[in-house]
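Asker: The lines below spell out each chain.
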Amino acid sequence: MSHDEHGQHAHHELSFWERYVFSVDHKVIGLQYLITSFIFLLVGFALMGLMRWQLAWPGTPIPFFGALFPSDLAPNGVMSGEFYNSLGAMHGTIMVFLGVVPLAVGAYGNYVLPLQIGAPDMAFPRMNMMSYWTYLPGGILMLASFLMPGGAAQSGWTSYPPLSIINPGQTVWLLSMVILITSSLLGAINFLVTTINMRAPGMSLWRMPIFVWAQFVSSVLLLLAFPPLEAASILQLMDRVFHTSFYMPKDILILGQAYAGSGGGQPLLWQHLFWFLAHPEVYVLVLPPMGIVAEIIANNTRKPLHGYKTMVFSMIAIGVMSFMVWAHHMFISGMSASLSNFFLVTTMIISVPSVALMTCLVFSLKGGSIRFNLPMLYALAFIPLFAIGGLTGLPLGLTVTDIYLHDTYYVIGHFHFVVVSGSIIALMGGTYYWFPKWYGRKMNDTLGHIHFWGSVITMCGIFAPMLFMGMGGASRRLYDPTAQLHNLPVQGWNVVATYSAYALALFQIPFIYNFFNSMWRGEKTVENPWQATTLEWACPSPPPHGNFEKTPTVYRGPYEYSVPGRKDDFWMQSDKN
Amino acid sequence: MSQTYDPAAIMNNPDTHSGVTNAKLGVWLFLASEIMLFATLFTSYIVLRMASTSWPWGWDVLNVPLATVNTVVLIGSSMTIVMAYARAYDKDKGGFQKWMAATILLSLAFLVIKGFEYGPKFAAGIGPHTSVFYAIYFTMTGLHAIHIVGGIAVNAGLLYMSTVDGHWKNPLFLGRVEGAGLYWHFVDIVWIFLFPALYLL
Amino acid sequence: MGQYGWSLPVAASSYAGKIDFGIWLIHAAMLGIFVLWGAFFVYLLVKFRARPGHRAEREDHADTPAHISVPDSISKFPFAQILYKNKGELKSLIPDMVIMTFEVALIVFYAIPVWSSIKMSVPETADPIRLEIVSEQFGWSVHYAGPDGKLGKRKMPLVHFSNPIGLDLADPASADDIVMGNELRLPVDRTAVIDLLSKDVIHSFFVPEFRIKQDAVPGLSIPIWVTPTKVGKYEITCAQLCGFAHSLMRGDVYVQTQEEFDAWYQSRLAQIPAAATASNPAEEF
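Line by line, the protein sequences are chains A, B and C. Sequential numbering from 1 applies to the first sequence in our numbering. Sequential numbering from 578 applies to the second sequence in our numbering. Sequential numbering from 779 applies to the third sequence in our numbering.
What the hints contain is simulated information worked out from the structure, not anything from laboratory work. A portion of the hints provided could be inaccurate.
With the Cβ distance kept under 7 Å, some of the chain B side facing chain A (calculated, not the full set) [said to hold, decoys possible]:
id	residue
1	Ser595
2	Asn599
3	Gly603
4	Phe607
5	Met613
6	Ser621
7	Pro705
8	His706
Think of the CB as a built atom: it goes at the ideal place given N, C-alpha and C, for glycine as much as any other residue.
Generate the whole structure from the sequences, applying the supplied hints.
Answerer: Okay, here's the thing in structure tokens:
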């Protein structure tokens, strides 16, 4: 389908629209995804900034911005409970479905994966474009739901019925999710076909960089885990629009009135379907960033990764197992208590390959000659911070301790350590690492260091207090934590977290400035500034349409650094001698 | 810059290529996700049915004879699309168009019969809101009908493309027909599961 | 207030200690793992930092195992070839094995037995107190049986602000029942067996001091139990997002001596007018 299209595009001059907006070039699409998802991350972050004000100083007017909100959302500038819940639901949804996944898969996957396997483009370039152009409207629709009567969805990103059936805003959320899922499915199919069929000669499976493997496994997860959520969303949409009762039992009250529907549905069915998606989704959030970290570590230790195959097998094992652990989010949901024991065991099993991955990353440092450049700082920060996230998952995955910790701030702290100071830190490191490839220029080092240290310290300042609050028994999603006595002693931690969050926002300014400034004024670099071995560094920076002057041939594995007897300490995959 | 990508050279290398064309692989992967979609609905069906205190029997509330006719119609269309593919394989344009048109007609007939099945239900005030059984019945058959509509669009597109020389002579055309056929068989198979689950059991 | 702080609140139920044991044990293990790994990590960073004249050393890489010969002494064992030639990679699995052993021990000796005792069975005691807790947006109704020891029937259509749980007064068992709003009183050292229900959306019954948490799902009646061990005043909170006033959905728990509890119970009974509604707790909303 695609091959003849390449031929056509190479020959005629592209208009501005074809080149930058409706481009079929994976690199342009990758950058579109990059910029868009960074913007969505900022939006999600801004929503959280508002919530943090309410959490730290409940009932006080929001400074500056409070007056901007209509009085039904924030009367006199004080956030209402409905608005708080909307912000919470949208923060989660935006961060997961519009921020991190599109950044990890849409942006880095799109730009880097075809280059790393030596392909001229994705297998289906036009489908690739469609995937971006369904993602963007889906995202805009999601944001626009704030303008709907009743506001945006307010039942949490998990949207548990019956609450989600009752609350306003949910219909738009569901429609937008269906659109976003379609976009993800298109992307996943494209990545899989590209990886399976488009590899350059010599690029056998065991010569693929870890990042490609991570994208591959993530794409399988997206392909198989998203349709169940799509089906579940359709059922919920039916419940809301056509008044079916898939998730509604009989004999319940809705806002004080007897429920008029037929009843007979199962509220827990949604939870099962949702988490069947959402747990694999967690690994989609984590695996590609881990791949980036592995790339950066191999490059900056100047030696092959320790246990390349172990890592690949671990990722595959994680992928398979991630479909069998979903109900560990549901230990106290009212499902059969004996089922919990099964999911307890599978959860502990999945921790084994996860630990193996982390072990390999740490052991990879041994014997190296470690360069502490900017991307490496991010990759190194990933390891301990992600480890905190992983370790705090242990008491949550264990049924007994989860009784107390479930739905407390401990959970929030846990998965933010995983996703923010884990995944997002790694993804930012990826920006510094591949920026020279994207624009042929380097990002500024000083600003990068400010961004790095500022972000890492303030992230810990936000999420560590959450762990302490959770130990104190503070429940999540509380509009006003001070309404409950047992939260009062830990309320100070909320203030600490809020100050840290605002500081984190400030520390993103150097990054944004650095990004755009370096795009045009950064120091020019060569084709392979990090002296790396993988194929993306064997083409010009930025790569032209079609990527490689000549289809590269691959002669060796991805991380042949410091091969004895060679002058250079790196041996590119495409160098014959 | 020069375009040096040579699909043929890459396809012949078992080390770096599956040997299946991109389009076909893409369709298979798409079908994998579709299987998950319908499997989820079937799972929901089982869960809801297990948990319910009373569940109507298809024979009592649904029009089983019409659905049986529909089953035959749909299986027939699966056969005609195979014939269309065989004609296209032999570069027989007229034959391809004839069989493809038959496929489209049969699928339209399926939708019309479906309409005769839905119509009296709606007329009697029965809809998805009536009970969980009707909810799952209308959702699953409705979603399946949407898939039929999608298939008709694809098949009609191929029928149109076969009248344009540039498309008919394109070596990729056969692959497109094959993809459409795979999809159509999938839609057929979903119905073969739906029919007993909703109407007979 | 003294019972709350920066860490786990006071443990006031028979199984709170078991849960706390797990929490502290796992956190100790986590801290140990983190400190050991952290120290190793920093050591590696310092020892193998890039400096002039220092070149990275490659390990025996798995890609070239052919030249490695397996010593005779171990070649008889199954998989000796694969295991020996990949021993470099396999070494990285040692920490994994240690952690896995720890986890298996946790599951077998701790998680499954304790979970079963808390969530899968109710302890055999001579005289448990039985009650129902009905949750709604945004409050808790506690339903005690009257002196007849029977909980009256409830019917959803009867729900009214004067009858928050829809007690069916036609049922003779209902007439003497006590319904409290956002107030749970339990005698100390006596097992309470509670049926947890919801009238509208999913709520979650959480008393931090008891270390008890269970979602209340509409359409389901979920049995839970607790044996309070300390007299005191505690707090019920809702742990599952249930709407705009989720954070205001709280109640008080009073654990009293049996005598105090009986006195309170009798005083509530005395307030029930003959053949009138059971109770009329002030609703917050």
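Asker: I'd like to know which numbered hints this structure contradicts. Please list them from smallest to largest.
Answerer: none
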